[in-house]
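Chains as they are written, first to last, in numbering that gives the first Met the number 0: chain A, 0 to 1184; chain B, 0 to 288.
Careful: at least some of the hints might be erroneous.
Unchecked claim - Some chain A residues well away from chain B (every beta-carbon gap over 12 Å; in silico):
no., residue
1, Thr3
2, Arg14
3, Leu118
4, Ala176
5, Val245
6, Arg290
7, Ile293
8, Asp294
9, Ala304
10, His400
11, Arg523
12, Val769
13, Asp920
14, Glu972
15, Gly1070
16, Arg1084
To be verified - Chain A is faced by these chain B residues, among others (derived, beta-carbon under 7 Å):
no., residue
17, Leu77
18, Tyr87
19, Leu102
20, Ile105
Keep in mind the hints are simulated off the structure, nothing from the lab.
Think of the CB as a built atom: it goes at the ideal place given N, C-alpha and C, for glycine as much as any other residue.
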Amino acid sequence: MIATIARFELRRNLRAPRSLVYGLILFAVAFLAENALAGAFDSVTGGSGQGKPFANAPFFVHIVTSFIGCLSLTICAAIAGDSLLQDFEHRTYAMILSTPLGTPRYLAGRWLGALGTLLVLFVTVPLGLFVATKMPWLSADRLGPNHVSYYVLPYLVATVPMVLFACSLFFGIAAWARAMAPVHVAGVTLLVGYLISRTLSDGVHDRVLAELLDPFGLKPSSDLTEYWTTAQRNVQLVVPHGTYLVNRILWPLLGVIVGLVGCRRFRPAEPQSHARTKAGPPPAATTQRTRPHIDPSIGHFVRWAPRLVLSSVRQLLAMRQFRVLAAVEVVLVLAASRTAGQIFGTKTWPVTYQMTELLDGTMALMLFALASIASAELVFRDRQYRMQQVVDALPTPSPLHFWLSFCSVALVQLVLVAIGILVSIGLQLGAGYHHLELGLYATTMLGISLPTWLVFTAVALVAHTLSPSRSVGHSVLLVCFFVPTILGKLGVEHRVYLFNDLPPYTYSDMNRFGPYVAPIVWFRVYWGCFAVAVLALGQRLWPRGEAKRPRTRLASHGVPWAAVIALVGMIGTGAYIHHQTDVVNHFVSEKQAQRDAAKTEQKYRRFLDEPQPTITAVELHVDLWPRELRARLAGTYVVKNEATRPVTTVLLRRDVTAKIARLDFDRPAQVTKDDELGIDLHALGQPLAPGESMTLTFALDYANRGFHNDGEPTAIAENGTFISSGFFPHLGYDENDELDEDDIRKREKLGPRHRLPAPDDPRARLRNYVSADSNFVSFVATVSTDLDQTALAPGDLERTWEADGRRWFTYRTPQPIVGFWSILSGRYAVARDVVDNGGAAPITIEIDHHPAHTYDIARMMDAAKKSLTAFSTRFSPYPRRSLHIVEFPRYASFAQSFPALIPFSEGIGFIARVDPTDDKDIDYPFYVTAHEIAHQWWAHQLIGGRAQGATLLSESLAQYSALTLMKKEVGREQMSRFLTYELHHYLMGRAGEAHEEQPLARVENQLYIHYNKGSLALYYLADVVGEDVIDRALRDVLAKFAGQGPPYATSTDLVAALRAELPPTAQLLVGDLLEKVILWDNRVRTATMRELPSHLWEVTIVATLKKVGVDDKSEEHELSIDEPVPVGAVDAHGHLLTIERPVAHGNGLTATFTTKEKPARAGVDPLHELVDRSAEDNLMDVSVP
Amino acid sequence: MPTLEISAVQKTYPGEVHALREISLSIQPGLFGLLGPNGAGKSTLMRTLATLQEADSGTVRFGDIDVLEQPERVRAVLGYLPQEFGVYPGASADELLDYLAILKGISRSDERKAEIERLLVKTNLWDVRKRPMGTFSGGMRQRFGIAQALLGAPRLVIVDEPTAGLDPEERNRFHTLLAEIGHDVVVLLSTHIVHDVEELCGQMAVIDKGRALVTGDPLVLTEALRGKVYRRFVAPADVAAQPGLTVLSSRLQAGRPVLHALLEQPLDGWEVIDPNLEDVYFAALKSAR
């Protein structure tokens, strides 16, 4: 009987036209996703598939199948809900339920039918993925071999449990509520909530919980595979085990339980509800009839419009959907605020821009849904409640209904935004943050965000006005919502053509909206005109009486002048925007930039073989006019021919946006300009002989004019200018600017990429890796700026004065510096301190910061003092008299080191809220400061030659210096938490490697190697052999190479120095850490303890060890183990009790050690110092045998 | 006092469905009953008069208003109760009346308040005025319908099949309400229930297939049939077998079939009876077919 119903239901569902539509949609999404993965759209956007797995790798098939499952929630909701509710909609339930069938069997049959339907429909997903791989236009090198298991397994593991979960859940809700609306609301809520919450989890902690809480299994499956390399992803099936397996069983079970509960509450009878009534006494009967004055004039309606709007608003606010959206919004803001802005799991102060960014992000989908739902309600309510004949026969002008609806939806959106703002303010106050900046809330949310949604609302209202039903309107709007994204993917980059788009902007506490005001305003006006045009036409379309065709309705009132004017306005502003983005400024797409880089390489790489002069002295005269957003960069370079052949032609590189007032040598030259690529060739009248010098004099004018399509230049800012040396002219061809990705190089018809020379290559020591056209240069800079600003440049301040209503500063470095500098200017508050520098003059430390950002100044100052003292003692005396740490706007989030000058982004430390009592918090302002100060030695004194391994000498050593300093401050346990992040980022980085992973000593500027692996390796080495041994080696290298031009140091010098200092026992280790790629997979098997009579605890652990080497073809080989391995135990609070390093022979390890306190967990590598791919099985609870 | 003059109004729906064929009616103030079977064109005519639909040709004048050309002017004096209508289920009666009153153009709030109170009392909805109307019974909802139609003391009231589905008590109450207003305004009542017209209307028309078959005072029309309407009880088998006779209606009385027929002279087995409005109605339909 159940089977009969199920079969009937299945047949009915599959025959319904909408099943065809759903099937086609699923197929199309899968098909398109696979095409996108295989790079079908890359050639238009300039994207690259470099280093990614094959588009049909089992890994991708799995992830895409899971993700489409999650996106298809609404389909599950529609089918599951409808299979039950159709009987109520068609009012056939009375007939069906009066048969002897019985409710349980009826429900079971319907449920099975819906489930079967969905399972059949979802077969189209693997089908779409598979069919796409056979498409002739896809490039064969992006596709690997196909295997049926690649498609079947994801269907079984991802789709079937998801369908079981979703179908049961929605069926239960439908049975419970006996209405479709709650089912849809549940579907949308689950989807939106899920998508947004996905972006919130930070990846390292509470992992198991986050993995279990994901109903679609995306989190556990991507965690399972996150450290997989490309080779693994290409062939390895995602077989569920561990948490993923539990997850895949848990959710369907949960769905079925909710379904059963819902079905138990299923009551087939009509609900009866009676509201109580307050019956007041009737008023004295007014028998006298006076005809009230009827005045259906515009004046009347304008006067009473607020009342009418309020009445509609009340109705909208009472909708269940609104309450759900508001509740979801609140939950999302609360959830998002927990992790917003976190770095290393450490909070920031909830500054207002962070809250508005968070609001903006979480509210987008809510406001979209609200615009569509509320517009539909107002358009369709009269029809739905059969009021339209009554209302249509009233003397109200039709456009009035339209405008009232628009205002009502706008107001309801305002209410939602206000709720978001109130929650944010509550969070700020709750966090003890009182600098609320209500004006910023108003500007961002009401001035930028809400108008964006009003434009969308205009479209939503018209779309619904024209639609025959709500669902048609919703679908059309869904397409509208994604159109900009899709068009963008298809290569349409100009925002004038991307509906309702806005150039990206960044708010900075320092520079406020800075250069972004004009583009925001103009684009808002542009789309505002569009909205007005849409509204002006839409007001004529309001359906009234017997439906007339839209075209007749549109034409029935003569020429729509308002719409015409608005359209003219739109065309006008559009033309103006075009003028700004394409004429005043140049719009360079990503693909165009790649093309330019390719052209540069093709035309000018030959100059690598031509001798080029080297800069030996730099004298800068920089004039900044921050208020006018312009600057003149002038000065002279003394350039010398350090080669053995005469220089006949000099290649000069300059920024294409600069206006050149002067750029010439002090000898005649014939100049060939290439304005497209910004390269000039100066054929010298008289060649520059070897050893001879000449002078280059330059004056480049930069001015921010108008605005751009995709972000504004931020180097020159009203407050917070940060001009780097790239804005100045440079000599010779720079290999660092070449394209790196193989597939893009192939597309641009370039040969294979040019690798860095090996450390032992003779070319390795000729140039340093930072500046292609100089070695160590003498440096002096004179900078003028507005009277209320302070300007900074590398070096010590020599002189500052005021003249001509401006402030002037001269900075000079006592010793020559690496040819790499920057100029800053802003209105700062200054924190000063002084630190001793051994016998030399004390060092003045200044932190120039935004006056409101006082939170972390003390930490930074502390870090600066401790760093300077420690590094001066440990490495060599600090060679300058001062150190400036200067805050710059958060347009970039890094800190950078120049001689005596450290620009530091406001986003990565100035609003950090490190809780010293919380041992989970990592004091990253301290860490970043220490790292940058360490660069005063590692990069600005010891600089590597342009070769593999160069950044080991700067970035990794800076990490080593900072980490050893931090360890003194916070202790080993907290460092192990920090190292967990480093390990995670290293493993993630190597999984995403586009070329091949290099050992540290041959790192090719790969961040995850020189930062994250550098930290792990050098920290561990120091832990094993002691800091002072390593410091000794570092001093040796420094003494040999500091401040010297060619021959430059390479990583071989560092490795040799270390080997010379390290004991024989550590020689293997230094090779493993620096010269090889080694991964561990250690696991504790048993951990037991017994109490000794001396109140000590004796712990015995048994562990399995696995050590793997990765060769230069990314292949793994297991290595034999014969070396010390850390073992230890922690107490119930996770505090380390002991760590020892017994020598392990082979894969098994049994170790016994004692602790003074009772251990809670014990095992191998308790501080996560080894590079272990699954660190969570290192420790286990200690048992008493 | 304005009268409603309908002349030669024609409406054809797509597919050659003639809803109105050159219909002409002259309607004086007071209650006017529009009788006709389902599909006769009543609702099309009502919707056309209520400005919800356009006619293909013809003219309609209400006083100095050209109804077909000046819908805004009509709407200002119109009260309309459509055949099928609903309410926002969450709204209460007084809220919704206030909302509709504003839409109707009653600008002064004191007048609006007085008007709403008057109508709520009159339609006996005062006690339930704060209740969400989703909980209203059919009769209550219908009374609300008449209350909204009477907002702003309209001069032209159009009520389309208002009594369908009402119990006898509600129907009586409804008739009283209609009768009260029907003195100085044009009230056009469409129905297929002869009884409604009999009780309420001083003028009427029978329409079928888009044509007005008869118009006039119901009493006069009934009187005109006096002596022509006959009745006979027959065996069930003989109901259909009455060749050459104009049978007006056949129905059951106490389980026995009884026929009404229009006879020029007495006939054997047939007894003459007092004609009623139903006979007028059927006679009109018969004569047209």
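Verify that the Cβ of Leu118 of chain A lies farther than 12 Å from every Cβ atom of chain B, and report whether the claim holds or is violated.
-> holds (38 Å)
Should the label of Gly1070 of chain A as a non-interface residue stand, given a Cβ cut-off of 12 Å to chain B?
-> holds (77 Å)
Interface-negative label, Val769 of chain A against chain B, beta-carbon threshold 12 Å | holds (70 Å)
Thr3 of chain A remote from chain B - nearest C-beta pair above 12 Å = holds (38 Å)
Beyond 12 Å from every Cβ of chain B: is that where the Cβ of Ala304 of chain A lies?
-> Non-interface label on Ala304 of chain A violated, nearest chain B Cβ at 9 Å vs cutoff 12 Å.
Determine whether the non-interface label on Arg290 of chain A survives the test: each CB of chain B must be over 12 Å from its CB.
-> At about 4 Å from chain B, Arg290 of chain A fails to clear the 12 Å cut-off, so the statement is violated.
Separation of Val245 of chain A from chain B, once the least beta-carbon distance is taken, above 12 Å = Val245 of chain A is indeed farther than 12 Å from all Cβ atoms of chain B, at 45 Å.
Does the claim that Ala176 of chain A lies off the interface hold, with its Cβ farther than 12 Å from every Cβ of chain B?
-> Correct as stated: the minimum Cβ-Cβ distance to chain B is 16 Å, above 12 Å.
Beyond 12 Å from every chain B Cβ - status for His400 of chain A | violated (9 Å)
Minimum Cβ distance from Arg523 of chain A to chain B greater than 12 Å, as the annotation requires = holds (33 Å)
Non-interface claim for Ile293 of chain A versus chain B (Cβ beyond 12 Å) = violated (5 Å)
Is the hint on Leu102 of chain B kept, meaning its closest Cβ partner in chain A is under 7 Å away?
-> holds (4 Å)
Hint compliance for this structure: hints 6, 7, 8, 9 and 10 are not met, and every other hint is.
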